[in-house]
Every structure is written in structure tokens, then in C-alpha cells.
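> Sequence:
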Amino acid sequence: MNGGKAKDFLSFQVNRKVTSLYKSFLFILEDLQDSGYNISDSVFQRHRKRVLDNGNDAIREIEELLEKLDIDLK
80 MNGGKAKDFL SFQVNRKVTS LYKSFLFILE DLQDSGYNIS DSVFQRHRKR VLDNGNDAIR
140 EIEELLEKLD IDLK
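Just so we're aligned: the sequence shown equals residues 80 to 153 in our numbering.
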């Protein structure tokens, strides 16, 4: 697999898994709110934004790192 396709494949897979991870954090946050924990809407939205921001930052940082690498897969 050539370097460009390998990097694209790796980038796609990492993005998919990171996105899946932060979606699961959002589901946990929703479950806590639905389970009777006293989480106000403003606190819920603040934590939701934090999860999304951190997930997007992680993806962006990984993308920047991948740009510095030459990748070859078997």
C-alpha cells in the first residue's frame, strides 16, 4: 500500500475510533442525566461541549502528527 493511501487509511481509522470514543462519553453523560442525577441543562451543555472540544482537539493533533510521518503498510 503506498504512503498516501496508507496514511489516508490510518487517518480514517483513528478518526473513526476517536469519534466513537467521544460519542460513548456523550451517551454516558446523557445516561447520567436520565438516571436522576441532578445535572442542570447548563452543566450538561458545558460538559457536552468539553467532550466535543477535547475529541476534536485529539483528532486535530493526531492529524498534525500523521502529516509528519511517512507511513507504509504491508
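One should not assume that every hint holds.
Unchecked claim - Keeping only pairs whose Cα atoms sit at most 25 angstroms apart, straight-line, the calculated PhoX-like set for lysine-lysine is:
id, residue 1, residue 2
1, K84, K153
2, K147, K86
3, K84, K96
4, K96, K86
5, K128, K86
6, K128, K153
7, K153, K102
8, K128, K147
9, K96, K147
10, K153, K96
11, K128, K84
Unchecked claim - The following label-pair restraints were derived from C-beta to C-beta distances:
id, residue 1, residue 2, range
12, D132, R95, 15 to 23 angstroms
13, F123, E146, 15 to 23 angstroms
14, G115, L152, 21 to 29 angstroms
15, S121, N94, 39 to 47 angstroms
16, L148, F106, 31 to 39 angstroms
17, L111, L148, 34 to 42 angstroms
18, S121, E143, 40 to 48 angstroms
19, S103, E140, 36 to 44 angstroms
20, S114, L152, 25 to 33 angstroms
FYI, nobody ran anything at the bench for these hints, they're computed from the structure.
Glycine included, every Cβ here is placed at the ideal spot set by N, Cα and C.
> Next step is simple, just say for each hint if it's right about the structure.
Hint by hint, here is what the structure shows:
1. K84 - K153: holds (12 angstroms)
2. K147 - K86: OK: K147 and K86 at ~11 angstroms, within 25 angstroms.
3. K84 - K96: holds (18 angstroms)
4. K96 - K86: With a Cα-Cα distance of about 15 angstroms, the restraint between K96 and K86 holds, given a limit of 25 angstroms.
5. K128 - K86: violated (29 angstroms)
6. K128 - K153: violated (39 angstroms)
7. K153 - K102: violated (31 angstroms)
8. K128 - K147: The hint is violated at about 29 angstroms.
9. K96 - K147: holds (21 angstroms)
10. K153 - K96: Measuring from Cα to Cα gives roughly 21 angstroms; hence the hint holds.
11. K128 - K84: The given pair, whose Cα atoms are some 33 angstroms apart, is violated under the 25 angstroms limit.
12. D132 - R95: 15 to 23 angstroms: Once the Cβ atoms are compared, 19 angstroms apart, the range 15 to 23 angstroms for R95 and D132 holds.
13. F123 - E146: 15 to 23 angstroms: violated (35 angstroms)
14. G115 - L152: 21 to 29 angstroms: violated (48 angstroms)
15. S121 - N94: 39 to 47 angstroms: Once the Cβ atoms are compared, 30 angstroms apart, the range 39 to 47 angstroms for N94 and S121 is violated.
16. L148 - F106: 31 to 39 angstroms: holds (32 angstroms)
17. L111 - L148: 34 to 42 angstroms: holds (38 angstroms)
18. S121 - E143: 40 to 48 angstroms: Once the Cβ atoms are compared, 33 angstroms apart, the range 40 to 48 angstroms for E143 and S121 is violated.
19. S103 - E140: 36 to 44 angstroms: violated (20 angstroms)
20. S114 - L152: 25 to 33 angstroms: violated (43 angstroms)
Checked against the numbered hints above, the structure breaks hints 5, 6, 7, 8, 11, 13, 14, 15, 18, 19, 20 and satisfies the rest.
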